[in-house]
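Novice: Here's the letter readout for the chains.
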Amino acid sequence: MKINGVAIEDTFAEAFSMKATRLIITALNPTWAMHSARAVTGFATSVIACGCEAGIERELQPNETPDGRPGVAVLLFSTSTKELTKQLQNRVGQCVLTSPTSACFAGFDSGDPLPLGKTLRYFGDGYQIAKKLGRDRYWRVPVMDGEFLCQDVTYLVKAIGGGNFLILAETQAQALAASERAVAAMRKIPSVIMPFPGGVVRSGSKVGSKYKTLPASTNHRYCPTLKQVVDSALPAAVGAVLEIVIDGLTAEAINEATRAGIRAACTLGRKRGIVGITAGNYGGNLGPYHFKLREILK
Amino acid sequence: MIVLELKAALDFNLDLTRVTPAVLAGLKLTEIKRLGLRYGRDTLRLADLFAVSGTPDLELRIEAASTRLHNIGVGLAQGIIRVTGRCGDGVGTQMTGGEIHVRGDAGHLVGAGMVGGVIDITGHAGDFVGSAIPGAVAGMKGGAVIIGKSAGARVGDRMRRGLIVIGGNAGAYCASQLIAGTVAVLGTVGRDSATGMHRGSLLVRETDALRLPETFVDTGRYQLAFVPVLLAHIARFKPAFKTRLRAFTSSQRWVGDRGCGGTGEVLLARAA
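Going down the list, the protein sequences come from chains A and B.
According to the numbering used here, the residues represented by the first sequence are 1 to 298, in order.
According to the numbering used here, the residues represented by the second sequence are 1 to 272, in order.
Think of the hints as simulated: they come from the structure by calculation, not from any bench.
Just so it is clear, the structure is predicted and the values come from calculations on it, not from any experiment.
Hints may be right or wrong, so weigh each one.
What the hints assert, rightly or not - DSSO-like cross-link-like pairs, simulated, lysine-lysine; straight-line CA separation at most 30 Å: (1) A:Lys206 <-> A:Lys227; (2) A:Lys82 <-> A:Lys2; (3) A:Lys132 <-> A:Lys86; (4) A:Lys271 <-> A:Lys82; (5) B:Lys7 <-> B:Lys33; (6) B:Lys7 <-> A:Lys132; (7) B:Lys28 <-> A:Lys132; (8) B:Lys33 <-> A:Lys132; (9) A:Lys210 <-> A:Lys188.
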């Protein structure tokens with residue numbers, strides 16, 4: 001299978017079950033909502049060392065937010081409820097509560113409740129105000145620019161982490177250009193995030209290492225500088241590989257994002273240095289979700 | 001749905017505490033007609049006073065209601081009661097769930113001591129809306145009461161949780177001794193309103209005649225993020241209030257009653 005001369009390998013991305021939540025962060029204007037959203041999703045590229053994977057899902061218009069102000073929807077993924085709870089408390093406490101004019105709401109209406117304002121309210125030192133509207137409880141915490149409004153709980157849903165595809169190109173610049181096109185297309189798809197910087201990761205990893213303390217290490221078979229040194233998975237023409245990792249709320253969302261991303265990456269074509277598209281997996285034995293590239297692109 | 005239509009004007013008060021959708025849903029139509037109700041010194045069958053029709057389920061309609069019909073929906077836990085006409089005291093008192101819709105006016109103690117559910121009265125209501133039932137320490141503890149027009153004195157007296165919205169004016173002592181919860185009055189409030197507030201919120205239109213207790217302090221004018229969330233919540237019950245609610249987006253925030261150490265708030269919207 002080829003798209004615009006770019007070979008699509010007959011393989012699949014292997015993904016894992018995760019726990020996720022969506023937050024809606026609002027502020028007086030889109031700039032400050034985005035400041036807060038960027039902070040809360042910062043240092044959240046991989047659960048390997050960040051505790052969670054997080055990213056901005058999309059910007060929200062005032063008519064889409066609970067308080068009628070501009071907002072940003074962010075998604076946070078983790079491997080356990082306990083870790084997600086901890087990450088929420090730390091990140092919202094340090095990055096949203098602190099951000100001028102911000103407010104924070106649950107982005108789902110149902111699921112398992114995770115404490116949000118329920119724990120952050122104590123910052124109010126007894127001056128906080130609870131308001132229950134219908135089934136939702138809100139906390140109004142007095143802060144120096146007025147009040148920080150935060151929903152009592154957010155909701156956890158089952159999700160999928162680790163969807164991916166790799167772009168094989170002749171040069172680093174070509175791989176990056178294709179990746180940028182892919183991420184731009186994928187950001188239009190709801191319910192997914194690409195948690196790495198700019199949505200792209202260059203340090204694809206394999207499980208384990210020759211060093212016992214490391215849980216993961218460089219995926220040496222995809223490192224072009226090791227082509228003649230190891231059992232490389234790369235054709236001779238390939239000089240750079242970049243990966244796009246996708247976390248999504250559903251398999252359908254990851255399918256859609258993968259399709260949009262690969263098609264966008266392939267618009268550059270073989271003539272402009274894009275050699276092939278492949279995906280990372282562990283033989284299919286570890287992750288319950290398999291995203292087969294050729295089936296997705298049919 | 002079971003429909004009850006009063007056959008004639010009542011000479012005595014009639015207590016409808018026993019006539020709830022849940023009770024009627026478990027009976028056959030013939031059994032419903034035979035339900036006994038105290039009427040003056042006698043016990044009459046429901047069918048003696050009302051034309052009874054329909055199929056038993058969790059919806060009850062009362063047509064041509066009378067101010068002598070009391071305690072409609074007392075302790076309601078589920079189902080819907082729709083009333084057309086003026087009704088007596090105690091509508092939805094101590095209800096825990098379900099909905100009561102009255103197209104008309106209601107008497108005193110609407111939603112007093114209620115815990116959950118929704119009461120929607122299109123007309124006026126009497127005193128003690130959402131307050132404590134006689135002898136109780138606290139008033140309503142949850143749910144929502146929406147009054148389309150004006151209400152009498154002591155709206156939300158000792159209320160602990162929940163929402164009361166008055167489309168018109170409220171009488172004296174509105175939100176007095178409020179423990180918590182929210183009272184929104186789109187018109188004005190009578191004398192000594194907010195007296196003895198502990199916590200909770202009273203939203204009211206600012207007028208020259210409005211006099212808050214001297215023991216309230218002005219903390220300034222704010223556009224609180226919470227207010228639009230509250231207003232959207234209210235508008236879901238009563239979309240017609242949406243335009244008038246916008247005035248509260250920027251509110252003067254008074255806190256009190258400091259005379260009793262209270263930290264309740266009164267949010268005053270500028271008069272249009």
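Novice: Given the hinted pair lysine 210 of chain A and lysine 188 of chain A, is their Cα-Cα distance within 30 Å?
Specialist: Judged against 30 Å, a Cα distance of about 40 Å means the pair is violated.
Novice: With the threshold set at 30 Å, check whether the alpha-carbon distance from lysine 7 of chain B to lysine 132 of chain A stays at or below it.
Specialist: Distance ~42 Å between lysine 7 of chain B and lysine 132 of chain A Cα, so the pair is violated.
Novice: Between lysine 28 of chain B and lysine 132 of chain A, does the CA-CA distance stay at or below 30 Å?
Specialist: It is violated: about 39 Å lies between the C-alpha atoms, which goes past 30 Å.
Novice: Take the C-alpha atoms of lysine 132 of chain A and lysine 86 of chain A, compute the straight-line distance between them, and say whether it is at most 30 Å.
Specialist: 24 Å, holds
Novice: Can you confirm whether the C-alpha distance between lysine 206 of chain A and lysine 227 of chain A stays at or below 30 Å?
Specialist: 17 Å, holds
Novice: Holds or violated: lysine 82 of chain A and lysine 2 of chain A, Cα atoms, limit 30 Å.
Specialist: Violated, because 44 Å separates the two Cα atoms, which is more than 30 Å.
Novice: Is lysine 271 of chain A within 30 Å of lysine 82 of chain A, Cα to Cα?
Specialist: 49 Å, violated
Novice: Is the straight-line distance between the alpha-carbon of lysine 33 of chain B and that of lysine 132 of chain A 30 Å or less?
Specialist: 41 Å, violated
Novice: Are the Cα atoms of lysine 7 of chain B and lysine 33 of chain B separated by 30 Å or less?
Specialist: Roughly 13 Å separates the two Cα atoms, so the pair holds.
Figure legend: structure checked against the earlier numbered hints; hints not met, in rising order: 2, 4, 6, 7, 8, 9.
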